[in-house]
Structure formats: C-alpha cells, structure tokens
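S.K.: Sequence:
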Amino acid sequence: MSSFPPSLLPFPRFPSSSSFLGVEITSLTIMGVASEYQFHVLAVDDSLIDRKLIERLLKTSSYHVTAVDSGSKALEFLGLNNSDEDEQRNSNPVSVAPDDDQHHQQVAVNLIITDYCMPGMTGYDLLRKIKESSSFKDIPVVIMSSENIPSRINRCLEDGAEEFFLKPVQLSDVNKLRPHLMKGRSKEMQPNVNKRKGMEEIHSPDRTRTRYNELEVV
1 MSSFPPSLLP
11 FPRFPSSSSF
21 LGVEITSLTI
31 MGVASEYQFH
41 VLAVDDSLID
51 RKLIERLLKT
61 SSYHVTAVDS
71 GSKALEFLGL
81 NNSDEDEQRN
91 SNPVSVAPDD
101 DQHHQQVAVN
111 LIITDYCMPG
121 MTGYDLLRKI
131 KESSSFKDIP
141 VVIMSSENIP
151 SRINRCLEDG
161 AEEFFLKPVQ
171 LSDVNKLRPH
181 LMKGRSKEMQ
191 PNVNKRKGME
201 EIHSPDRTRT
211 RYNELEVV
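The sequence shown runs contiguously to residue 218 in UniProt numbering.
Read the hints as simulated data drawn from the structure, not as lab findings. These figures come from a predicted structure and were not determined experimentally.
Derived pair list, reagent style DSSO-like, types lysine-lysine, alpha-carbon separation capped at 27 Å:
| hint | residue 1 | residue 2 |
| --- | --- | --- |
| 1 | K129 | K183 |
| 2 | K59 | K183 |
| 3 | K167 | K131 |
| 4 | K167 | K137 |
| 5 | K131 | K176 |
| 6 | K52 | K129 |
Start from the sequences and build out the full structure, keeping to the hints where you can.
M.R.: Structural data, given as structure tokens:
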C-alpha cells in the first residue's frame with residue numbers, strides 16, 4: 001500500500017479499440033499528434049471482495065485502476081477532502097491498488113465507479129460531492145449496489161450518475177463504461193482543440209496579409 005497524490009495529468013499507455021459514434025477508435029489525437037491513452041478509473045467500495053472483483057474486471061478491460069475503500073478516501077485522492085479532514089488524511093494515507101505507479105506519478109481520473117451502501121459517506125453522497133465540484137463535475141460517475149431499489153436508482157440517475165449497476169457487476173456491465181469515458185475525454189480535450197484553432201487563425205497567412213494591408217491604409 002502506498003500514498004497516492006491528487007490526480008492531474010493524463011496517463012498514456014497502450015491503445016484499446018472501441019466503437020464510439022460508429023467510428024472504430026484505437027488511439028486519441030492530441031494537438032495533431034496521435035497519442036495512445038489508457039483510461040484511469042477510480043473504484044470505491046468498502047467490501048474487499050467486491051473491490052477486488054471490480055478491479056479485476058476493469059483491468060481485464062485494459063483500464064488503469066486505483067481502488068479505495070471509502071468515499072472520503074476517494075475525495076482525498078481527488079484533492080476534494082475538507083479542511084477538517086486534513087488531520088485524518090495525514091494519519092490515514094489513501095490505500096491504492098498494489099500495482100499503482102510506485103513513483104507517485106500524477107494521473108487523471110477519467111471515471112469513478114462507487115458502491116452505494118458504504119459507512120460514513122454513501123455512494124450517493126460521493127456523487128453529489130463530485131457534481132458540486134467545478135473541477136470534477138464532468139467526470140462520469142457510475143453507482144453499484146446489491147439492492148434493486150427503483151427510487152434509489154432513479155435518484156442517482158437524476159442527480160448525475162451515468163449508470164447504475166446491480167451487483168455482482170459483470171464484464172458486460174464494464175463494457176458499458178467506454179462510451180462515457182470517450183465522452184468525458186472528448187470534453188477534456190476540447191479546450192486544447194479550441195486553443196490550437198485560435199493559434200492557427202492568429203498565424204494564418206490570410207490574417208497576416210489582412211493586418212499588413214490595414215497598416216498600409218493607415
């Protein structure tokens with residue numbers, strides 16, 4: 001077990017193929033350069049057995065996984081823990097999956113999958129915290145539960161959850177995550193695309209010629 005810092009930067013690794021909006025995707029293009037990308041999923045469950053199960057399913061699908069056993073540790077990992085939790089954070093470092101980066105590399109979280117029933121902070125509470133954060137509100141959140149309670153399911157979906165899986169989670173459930181991951185990644189990349197287009201417009205020959213002509217007129 002090791003302490004893992006808040007997530008900020010992307011975690012490139014090897015390509016995984018999927019169909020998104022009818023297009024077969026094996027890699028993402030960032031700033032005009034093809035880049036292989038491995039999605040990073042934060043899994044939250046107080047049950048060791050269920051946590052290991054979802055971790056194994058996610059890794060089978062070629063995702064990088066960080067697993068924690070409570071909502072408060074998930075918030076700590078993201079850097080969203082409250083100031084009154086600082087003392088607890090220092091005394092109880094976040095436990096993560098054994099194969100996480102030993103060099104404490106900072107990585108982006110692309111999706112959060114959490115159990116609903118947990119002591120202290122429930123999965124619904126964690127969902128609300130994420131959606132109230134200006135920095136993390138666009139991260140897809142998926143809820144898991146062994147209890148099929150329609151009112152609970154509807155409340156989670158209405159308040160921003162992308163999916164609600166009934167336990168035990170199956171590989172077919174995990175396969176439903178990729179469209180949400182691709183959509184979230186697309187939103188994350190959009191500012192870079194807009195910035196690149198802006199720079200291209202500024203340095204385009206037509207724009208330079210127009211400004212030169214304006215100077216001549218003056």
